[in-house]
Amino acid sequence: MDKFTRFSGVGVPLRRSNVDTDQIIPAVYLKRITKTGFDDALFASWRNDPEFILNQDAYKHGEVLVAGPDFGTGSSREHAVWALRDYGFKAVLSAKFADIFRGNAGKQGLVTGEISESDTEKLWTAIEANPGVKIEIDLIKKVATLGDLSVPFAIDEYTRWRLLEGLDDIGLTLRDEAAITAFEAKRPAWMPKTLPARH
Amino acid sequence: MTNQPLTLAEKVWNDHLVAKGENGAPDLLFIDLHLIHEVTSPQAFDGLRLAGRSIRRPDLTIATEDHNTPTVDIDKPIADPTSRTQIEALRYNAKEFGIRIHSLGDVEQGIVHVVGPQLGLTMPGITVVCGDSHTSTHGAFGALAIGIGTSEVEHVLATQTLPLKPFKTMAINVEGTLRKGVTAKDIILAVIAKIGTGGGQGYVLEYRGSAIRSLSMEARMTICNMSIEAGARAGMVAPDEITFEYLKGRAHAPQGKDWEDAVEYWKSLPTDDGATFDAEVFLDANILDPFVTWGTNPGQGVSLNDVVPAPSSFADPNENAAAQRALEYMDLVPGTKMKDIKVDTVFLGSCTNSRIEDLRAAAAIINGKKKSDHVRMLVVPGSARVRLQAEQEGLDQIFKDFGAEWRFAGCSMCLGMNPDQLAPGERAASTSNRNFEGRQGKGARTHLVSPLVAAATAIRGTLSAPSDLEEN
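These protein sequence lines are chains B and Y, in that order.
Residue 140 in the numbering used here sits at position 140 of the first sequence, and the numbers go up by one each step.
Residue 1278 in the numbering used here sits at position 278 of the second sequence, and the numbers go up by one each step.
Excised from the complex, chain B in its bound form (with noise of 0.2 Å):
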């Protein structure tokens, strides 16, 4: 994973609160076995829409996506993350997340900021007064800046601290392996096992 600073990109104002994942990315494009190429999946069915907000030339090239509360609820499918990430976002603000998106989120290098919902609207306002206009993102400081406006966003400090870093998260738990070991040594002997099958 790369690491993540500082960022300065496109603003998209998403006026809609509840964003499920079936409308971030429909289940038709969950058939594929990759882990690229879901730019075309991305919001797939409003794109359709001429009016809606991507298919805006200012918009178009997105890569700071403001939207309503409770952003990503319903299905875990990654492939929402990763469908915003090819299309080119690097960070989303809302004044909710839902926590699976979230965690997802953390995994692929999106940053995922909580604002309050008055800085959701301020900065809606902002970049509709100036539709293309770039936000800044400051992970350091944990703030979103577009021009004047500058606005505080939370995010769980772990997750923050291993985007600053870069880490992945398999090489930081087995560095705890041991751990695991004397863990697996102390299971009662009820637990369940898939291995050998019985029927």
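Hints were generated in silico from the structure; no laboratory data involved.
Quick caveat: nothing in here was measured; it's all calculated off a predicted structure.
Heads up, some of the hints might be wrong.
[What the hints assert, rightly or not] Computed, partial: chain Y to chain B, Cβ under 8 Å: (1) Val1018; (2) Pro1026; (3) Val1039; (4) Thr1061; (5) Ser1083; (6) Thr1197; (7) Gly1202; (8) Gly1231; (9) Arg1233; (10) Ala1251; (11) Pro1254; (12) Ala1321; (13) Met1417; (14) Gly1438; (15) Lys1442.
All residues carry an ideal CB built from backbone N, CA and C; glycine is no exception.
Position chain Y relative to chain B; hints supplied.
For chain Y alone, kept in the frame of chain B given last:
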């Protein structure tokens, strides 16, 4: 420390702690059971291959095919090449990494959340993960069961652990006795309507109270299944005699001395008297009606006896805007009686409501009745075993005589990945868990209902309760 009263969730958490997180790092938890399916796993296996890693505990891992499998002609090659490739990738990965797999046509194949409990692999006090948000289903046994993404699937395959931030706990107290025609599905739809799709965020829910205690394991699974629809990471029910009775004698349930040891431990799991929850919610089961959704998220639900709400009835501007958009998408007018809404398709299935009890309940209502002419009904058992059981009981014949389609097991129309989809603009009464825009097919409209409401709706052609049939 030892005398501090704990909740069920806290006990399971503490007993799985491999390493305590320091300086804001998450705790590392051991995972007892990892369920795998074709959609969220191929990229995880590729990740392992790229890093030269192996699977730590194939003996705690099991795979089945469900999301993207056909429910007809399962003896023929899968027609869609992309779907076929995905299924073949799972088979190939299972073989290469030594994982037990139940493929299409196998008697143990089925929806991953139906298969685990059915085999007796899902037990009280264990940790369960799966690359599927409805993993919360397994919480019905008093397991801590969490839906994860593909990176986490890879992580669990490699380490059999998962780094997790401690959750808050929320008690969902449901007291009283459900009236006739009201089910577990109505309880959970009412809970979600009450706390909202984000209301459970950051929490593990524990469903408690006399109404929960009297429910069967199948019904408890229905409730825990939809915990994710309230935004929660997991939902749980404390194990009791009903749980033990369900498990005893199942293929992978503990036997002999192991069974005794297990039951002794399981009896220590229920939340201690005096333990505190971070939040509490109360629901009166005595006055609950059958519940249905009118909108495009599972929190947008009302009593079946109610009307389509006006967006202006929501004070919150986000909810108000969401309601307006939902009504437009659903093509509904505020004030319309829910029972006047005409449906085209009835779907009985999904990890929420496809177990034998669900099929029996629906069959009992349609038995000897005539299906509404304009309604198509699809019955998709949760597993091959459920299908066989239903056939032994003659339920398949009841569904077929009624004019319903009797299908093979899988996720099917719940998420419309396979050909079981609604046409644009089509409206369904569905026993599944999500009414999102386009979930059951592009432009499709979904009303979430219980199996009883699904059955009555198939007879009358409009959203209906079984009691509406008696009034005729």
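For each hint, the structure was consulted:
no. : hint    : verdict
1   : Val1018 : holds (5 Å)
2   : Pro1026 : holds (6 Å)
3   : Val1039 : holds (5 Å)
4   : Thr1061 : holds (6 Å)
5   : Ser1083 : holds (6 Å)
6   : Thr1197 : holds (6 Å)
7   : Gly1202 : holds (7 Å)
8   : Gly1231 : holds (6 Å)
9   : Arg1233 : holds (5 Å)
10  : Ala1251 : holds (4 Å)
11  : Pro1254 : holds (4 Å)
12  : Ala1321 : holds (7 Å)
13  : Met1417 : holds (4 Å)
14  : Gly1438 : holds (5 Å)
15  : Lys1442 : holds (6 Å)
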